[in-house]
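Engineer: One-letter residues, chain by chain:
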Amino acid sequence: MVNPTFRITGLDAFYGNKHVLKNINIDILPNAVTALIGPSGCGKSTFIRSLNRINDLILTFRREGKVCYHNQDIYAKDVDVVELRRRVGMVFQKPNPFPKSIYDNIAYCLKVHGIKDKDKIDATVESSLKKAALWDEVKNSLRQNALTLSGGQQQRLCIARTLAVEPEVILFDEPCSSLDPISTAKIEELIHQLKQSYTLIIVTHNMQQAARVSDFAGFFLLGELIEFDKTDKIFTAPKDKRTEDYITGRFG
Amino acid sequence: MNKTKQNKIIDKCFGFLGIAATLFGLIMLLVFIIDVLSDGLGRINWSFFTSFPSRKPEQAGILSAWVGSVWTMFITAMIALPLGIGAGIHLEEYARKSRLTNFIEINIANLAGVPSVIYGLLGLGLFVRYLQLDRSVLAGGFTLALLILPVIILSTREALRAVPFSMREASYAVGATKWQTVRYQVLPAAFGNILTGIILAMSRAVGETAPLITIGALTYIAFLPQSPIYFSSGFPYLHFSLKGLFDPFTVLPIQIFNWVSRPQKGFFTNAAAGIIVLLGLTLIMNTLAIILRHHHQKKIRW
Amino acid sequence: MIKKKRKLLNLKETVIESLLFLCSFFSIFVTAGIVLVLLVESWGFFKEVSILNFLTDRQWTPLFINKHFGILPLLCGTFLTTFIAVLTAIPIGLISAIYLSEYASLRVRNTVKPFLEILAAVPTVVYGYFALLFITPLLRQVIPGISGFNALSSGIVMGIMIIPLVASLSEDAMHAVPMNLREGAYAVGSSRMQSALHVVFPAALSGITAAFILAVSRAIGETMIVAIAAGQQPKLTLNPLVPIETITAYIVQISLGDTPHGTLEYRTIFACGMTLFLLTFVLNIFSFKLKRRFQEVYE
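Chains as they are written, first to last, in my numbering: chain A, 1 to 252; chain B, 253 to 554; chain C, 555 to 853.
Mixed in with the good hints, there may be bad ones.
Mimicking DSBU-like on lysine-lysine, the simulated pairs with C-alpha atoms at most 35 Å apart in a straight line are [claimed, not checked]:
#, chain 1, residue 1, chain 2, residue 2
1, B, K517, C, K789
2, B, K349, A, K22
3, B, K517, A, K94
4, A, K94, A, K116
5, B, K430, A, K77
6, C, K566, A, K120
Covered by chain A, according to a simulated footprint, are these stretches of chain B (three or more residues, beta-carbon under 8 Å) [claimed, not checked]:
#, region
7, 419 to 427
8, 431 to 438
Just so you know, the hints here were simulated from the structure itself, not pulled from any lab data. Just so we're clear, the structure is a prediction, and the values are computed from it rather than from any experiment. Heads up, the beta-carbon is just placed ideally off N, CA and C, and yes, glycines get one too.
Chain A on its own, in the form it takes in the complex:
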């Protein structure tokens, strides 16, 4: 039995008085893709945003229960949030490149971690853009403002940016929801490649996508984790009636 990357036990989350996650228990295994599906507003985004504590930015956010990363409670007092976020990268729903050049978008990530060596930065810019399958499209325009890229390119730049700081886990929060089908296919292909070296968690409300890319899948409904299992099990033989209803499109 492999040690889980994340072990979440009894996680409850609130925005103000709104109870958005109820008693979540889940193990996330390394070097696999875990997909979280469910109708919008079911808490799946809140869930992954709790894994790198980016939810801390929301003033009304509150949680109870434990999120352990390699057996360490990430909400413990002595945890360095910055270090946690470096190890657990995140790609957001809407591409959010910094309004700087493509090069500086990635260089910034290294700068915040104290890397100043020019050669090292150049090398990382190239390697992470290659890993994100963007290098060929932008290698001649690295000084161009990132906001001039297409939506799909911007999203791949955001992935490259995340890869640049060498995380172990990457969280994807509906990374394709604002992209066209061709860009979506590229990102999915990329996710497939990244699986070799990273632990990936992807939130999506697109069930075909979940079926295509993931090894494990969890179904969220109204803040509860209804079912969690191997992806093919969830899609072929769900145990819960509600999961079945959702994946067969009876509601959602």
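Assemble chains B and C onto chain A, guided by the hints.
Structural biologist: Quick look at chains B and C alone, frame taken from chain A:
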């Protein structure tokens, strides 16, 4: 005539009335600018800028006034900018909702509405008397700094608020600290709008009269504050001095006020000429701010 | 593995955060400074002049041999000029706000608004000149009996100065009214004006009231226009054609003279300042609360 048609006509009339009301103030300003130009433009020449005030209106100039204005503006900016921008950053990026934060916010909103002459009384009691700075450039600069502080805080906050949340998320997600996020992402993105706010605040400070009169800035000054850099024929030739900070001073709007309140007609012409200079400066600063804001809005599309 | 180790970085973050906090906390010192200075000096004043006397005496003659310290004439002058200013600014400002919010295209609105703000940016000493040397002579052609210094011309000019404040804040309030309210009005066949007056205006009323109160507060505290054009004669009168004196103009008058520090005359300006501060403070807080309530409803 049916009701709908009647409504349409009323609607149209009201539209015209609206345009008239909107343009009213601007037209008044235009009329006034023409009036002032016709009164004072003839008086503006090189010696008007290089002469001290005088009992004879034809010989009087605004030298001590504009130099005093430059001095006070410099001190005002040195104090108000770091404090104001710092406070803006704290309230917008760092402060958690708490009673203290709420109190500070209400307090700043209230400070923004305190009449300028009250800041003069504060300056008089605190800087001139208590800290014994006397009627110096320093006391004047400090007073104006406190006056524009809330303006700078409020405009900084507004500028920071316009930076999308996703930008902060992106920065935190790659493991940046709070200050790194603010320093390298949020501040550069908000820079244009912060600058606009600074220019507007400084343009307000340039025109302020009442608080400086209250702290006792003089109305008749025939000398300049000691220059911060001056030369001598003997060693070491080049000198630096901050003594000028403690010299008495006057500023452009006070000089204008002084001339307006004289009974002789000749001084009114001087006042008009002074107003052309002051108004020109304010209008340029404001136009600059408008252009800057417009340019900034166009440049960045999130 | 993810325990805190970068001590130096964390120290830097803490230092920066503390410095920034001090910056915003500094604003409390400013308020405290204002209140303290006003309290200390007016305390000295009220030791010699009773508050009752200050509030009820009908004369203000601190510089005469026969001294009277009744704030009423100064208050009267202040309210008179403020009243005239508000009477000028409110109708023009409101009509302009309705036009910009309900009639004008977004383009026009976004172009015109910053230019209106220029009106508010003109130095007040400039407006004073305008009142004394342009408006008063103009008024004299219509009202021959008007004095060279009077409340009317300074009030009108002050009104012109606060038009942008009224227009801009009321426009913000009306602009914040949700579109579906207007759609409701249009759906039953209202004209623009009917929708503006019967639906948008009432919905934005508390926001507009906040703008109105702020305008009053601004007019009460305005100094240079009245110091230049309204005169220096504290009088208990509602006649806008004769010289009067406002609280602010009195402070300027004393500051220009050589009143020695520590005398009763010197302290009068702080007693006046205290009165002024309390007046504007109450109005500002009231306006702030109203505006907040309005924002809570629509945002």
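Engineer: Against each hint, give a clear statement of whether it holds in the structure.
Structural biologist: Here is how each hint holds up against the structure:
For the suggested pair K517 (chain B) and K789 (chain C), the alpha carbons sit about 28 Å apart, so the restraint of at most 35 Å is met. At roughly 26 Å between alpha-carbon atoms, K349 (chain B) and K22 (chain A) fall within 35 Å of each other, so this suggested pair holds. A C-alpha spacing of about 67 Å is found between K517 (chain B) and K94 (chain A), which places the hinted pair above 35 Å, so the restraint is violated. As the CA atoms of K94 (chain A) and K116 (chain A) are separated by approximately 29 Å, the hinted pair is consistent with the 35 Å bound.
Restraint check for K430 (chain B) and K77 (chain A): satisfied, since their Cα atoms lie roughly 17 Å apart, inside the 35 Å limit. For the suggested pair K566 (chain C) and K120 (chain A), the alpha carbons sit about 25 Å apart, so the restraint of at most 35 Å is met. Restraint check on the region 419 to 427 of chain B versus chain A: 9 residues with Cβ-Cβ distances below 8 Å, three needed, restraint holds. For the region 431 to 438 of chain B, the assignment as covered by chain A holds, since 3 residues bring a beta-carbon within under 8 Å of that chain's beta-carbons and 3 suffice.
In the structure shown, a violation is registered for the earlier hint numbered 3 alone.
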